[in-house]
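J.: The lines below spell out each chain.
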Amino acid sequence: MNKLYRKIFIAIFVVPSFLILIGVVFYPFLYNVVISLSNMNLRHITDWHLVGLNQYQKVFTEPTQPSFYDIFLKTIIWTVANVLFHVVIGVFLALILNQSIRGKSVYRTLLILPWAIPQYIVALTWRGMFNYEYGSINLVLTKYLHLPAVEWLKNPTEAFLACILTNVWLGFPFMMVVALGALQSIPHELYEAADIDGASWFYKLKNITLPLIRPVMIPAITLGIVWTFNNLNIIWLVSNGGEPSDSTHILVSFVYKAAFNLYRYGYAAALSMVIFVVLLVLSLTFMKKTKATEAAY
Amino acid sequence: MRFVPVFVLIFASLLAACTPERDPKRVVIWHQMRVDERVILEEQMKKYMSLHPDVHLEAIYKETEELRSGFIIAAIAGQGPDLVYGPSDQVGPFQVMNIIRPMEPLFDTSWLNSFTPKALTWYKGHLYQIADKLGNHLTLVYNKKFVQKPPETDEELVALCRKLTVDTNGDGRTDRYGLVWNYTEPFFFVPFMSGFGGWVMDDSGHPTLDNRGVIDGLKFIRDLRDKYKVIPAEADYNIADALFKDGKAAMIINGDWSWSGYRKAEIDIGVAPLPKITETGLWCAPMVSPKGYSINRNVPDEKIPLILDVLKFLMSPENELETGKALSTMPTRVSLYSDPFIENDEILKNSREQIEHGRAMPVVPELRAIWDAMRPNYQAVLGGVKTPEDAARDMQALALRKIEEMNE
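One line per chain: the protein sequences are A and B, in this order. Under our numbering, the first residue of the first sequence is numbered 1, with each subsequent residue one higher. Under our numbering, the first residue of the second sequence is numbered 1, with each subsequent residue one higher.
Everything labelled a hint here was simulated from the structure, so no lab data went into it. Glycine included, every Cβ here is placed at the ideal spot set by N, Cα and C. Mixed in with the good hints, there may be bad ones.
[Stated by the list, open to error] Distance ranges between label pairs, derived from CB positions:
id: 1; chain 1: B; residue 1: Ala360; chain 2: A; residue 2: Leu110; range: 51 to 61 Å
id: 2; chain 1: B; residue 1: Ser50; chain 2: A; residue 2: Leu110; range: 46 to 56 Å
id: 3; chain 1: B; residue 1: Gly78; chain 2: A; residue 2: Ile186; range: 53 to 63 Å
Bound conformation, chain B alone (with noise of 0.2 Å):
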């Protein structure tokens, strides 16, 4: 029987375990940064801790779909990160769960104007994310080997992508292509709907999908594919980088976070902003969105001033600037603009071309549904089953319908 205190004080403490206190000298972060921006963010955390060895910074990676729902079920239970950092388009739904806090109160306003206005996050009213990073856009990548000069109209780009896909050993297979990218995916499609002249939604909210810019721009699609057949017959994400890190194409419409990866494959890239369409005199608008912090809504006020010191720490000019050069990712702060670097290196300066063609992304829940709405019917077009006209349609009433659903 001398066996059953040892046995409640297990229990005891399996108990205690389960119930952990807020540290007040540890900031933990939940953020979906790949491995290279890991590293850097690890690094710079490091530093925060030389700095303040009294202070304990954690960060933990989370894929994008699971950050985004672990962190709702963590911040409604009261638990969760003091920080979550991600692209702009969760501030949505977290504003609207009400489990992120406004900012705006706790800046002083001359830290806030040193950043783009196009890095802070305002939500009805209240500023409710700050960016350490500007994009997550689109663009042309190229591979110099099989492209001097990259096309900047819809018409260079199929007449050069007919010029750059070739059978070299004459077996009837395409050995190499002229441009891959992940094209049954909406969020890939919206630079060539824009291109067009359509848009996902109004200002309100409200979904624009039945237009001549989704028709237009699926034609557009269906036309690489079918009857200049200068894209691939099927490919997701992987297969296209796979294919043009192969070198068996010679263009991607990839995002500004695949850069290093083909830089680290070897392959001598060079971005350009997406062609023009010529029959609107647009160009093809990637969505842009900043991926930065939030503060978790249950970060107690008096750990405030903690958090609130990592953040400065975290995106100081120096720590972005190091960023920026290690992952040619666009800076947040104003001061950074004019610098040598950011300025003259040419895939930064390209990408903030792109930048500027681009559209912001909408914040709102409701891209969700409308993302949902477009997917099914997008793809039924590239499957032959849909015309782009009745896919147009379908899309607009299914997205109606889901918004409805979601908003019941």
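Chain A with its partners taken away, still in its complex shape (with noise of 0.2 Å):
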């Protein structure tokens, strides 16, 4: 009787997450697929119909202008810029936080605050930044640093910069979180012993710290990319919705026009799909790759 009671008070916890996970993941997943396989549009949207994979075709084949395979590279340049200079940034960050150093907390709020400002905010302002006349970069390019002024939002090559550098100051403090953490996981015996090896710096930082904070950065890592390839705000803020032109589009953001401005449900849930599907690839790949999942101790 007692086994029971156990289950039922397991079932009891378990039950409620479960439904919620079939209400906001599974359901949606679900309909998504169904959707992509529908001829769901503004003409058809409550008699919409499957028209098996005929949505797909056309994301591979319709001529859209970039095309999808022009937004697919774009989208990774986009994530691999991101996440580099998030990690490479992150990581040192926390290296020198991670020193005793006078006023550190002050240090570590400041370079915090990136992360803490909300994402719409900071699109604007770098927009405004980045104004040609007035934003504050190019008067400091051209006022103090006495270069040509940049035309930032009008070409689509420093249109997509300008999207990057927003992003890539945007995301750096959540690496260094995640990296600083782990860096005050690693015992300190380890460094002592090195020590008294004799190693150099250098030494230390590859064969203890880098080893030691990776399961920790691998998963980060994973969810950077993860987020970056998805960040739809960034790019639709800083340039309007992919100005100029069209040119600054990644995936996520051309999924959001087909499907809010133009009412092209089947053909946005078909590419959300790919997306989706890339992504997973992306994500297996790099986990197994890395090894993530094994331990380092």
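Starting from the two chains in their separate frames, assemble the complex, guided by the hints.
T.: Written out as structure tokens, the structure reads:
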């Protein structure tokens, strides 16, 4: 009897979260799969029917401007550039903050600030800073560095670069906090032992620090990849919805535009599924290659 | 084990909270009004509730695009607010998706006739929106400190802008521009395109973008920037707005929604109709659209009388006049047009003239595809990547393709 009670007790704890998962993850996901196989759009919003893989075919072959492959490439550049800078800057700052320096808590607070400001505000502030004539970035470039002003938001490459710069600024604190936590959990004895053996700073970094923060950093980087790949806000707000001429889109902002600007729900669902598969494959490969699930000690 | 019933209770109440019932005495409005409009709406709602203590009115703000997509999702799922408020162009997609209710059978004709016909948005033979404000239109707003007499033609505009664009401290940077506006957005290009004789679509909703109006309009704006250098090299809505508010621009092209903000910033503004293009003899015609209420398809019949009562109250001449006085917006009740304030207020008078020069914003969903086709090509001209002729041709081709994609 007691065993039965125990089982019921466990079930009572598990069932609510399971139901919530069904409601907010499994059901929407399956619904998205169904829509991606349908012709749901402005004209068929309630009377939609399944049309097989038509929408998927359109995703890969429709002559959109820019094409799916261009946007895909841009998304990869966007993700790699962002995550790379996030990790490098984050770990670098964490290493500095992990030393015994004066006023550490002040620096730490200041460095976490970008993370604490709402993304919306950050994006629009940076957009203002990138203005050709009145933006602070060009003012610094022209007035103090005597360099020519850059047309940040008017040219495709510069506009995309502006988005990346904004997101780098926004994203490094997360990696810094994670790396700092990992650094603080490394037993001090390891460094002492290395010191006795006469190990150099670089040797300790390479053989103690980096391997021991890896198990923490890999999941954080995986998360970073997924978040950055799907980061609609920054692209949308800094480049004002893909400007100039829809040339700054990444896949997710392109989906947003297809779904909500032109009411192409079936097409947008299919494109979302493609993004999902890409991300799944990317994350799994990354986890497998880096042996993320293996213990460090 | 005595916790078990507690968990069951909590869980059951959670489930119950997830399935709300439509309260017959609660009316929810989703709107996209800006702050000063919202304040007035809420005061008027409070007034209604004090007269009808058993009724609860609730207004929820959503940004225009979010309102649109949110309402579509909610209404298709059989939910959503009772009333949805916004510019008339949302009527097209809402009607096609069958999520708003025809209104003409619900109201008596005499009440409907008390509105200017421009306030009633009919689409495919039915009335789908009744507006409390007319306009949402662009005008020329000028700072009286710099401009005594607003320009009436494009030539006067250019001459005045050249006079007003100055570098006061001689550092080679312009300190004040003659004119600013959000010129990268096609909605703000429409007046020039129409002034040069073009329009976005014909009566059947077919795009008409490859024409002289578009080409000459594009050239005109490009000249203002590159040849006469009287507008900034780059300006979006926020930059243009900030420049005008800071006195770094003498004139701005902006909509009726912006006027009260400029007055709050203590700028002595004047409002004038956009100029006439000498070459064509046509006035620059901005899009004019009423802003008003539509009824959610999911509102049950027994609730309709309450909804009608609320609408009649919110759009009563007294309330419309109050709003008009506070925000300089054009009311829609015919009886108000002879009101001394509406007749004589300088801003409203000029606004009315601009509305007369303007053209009604099409309500068909195809307009979305047209904007989407215009934007990249228009920006390509401004970025120096395309000639106006190529851009006009590409706009047309892209619009046709996007409409086809949308309607497939």
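J.: Hint numbers the structure violates, sorted upward?
T.: When the structure is compared with the hints, none of them turns out to be violated.
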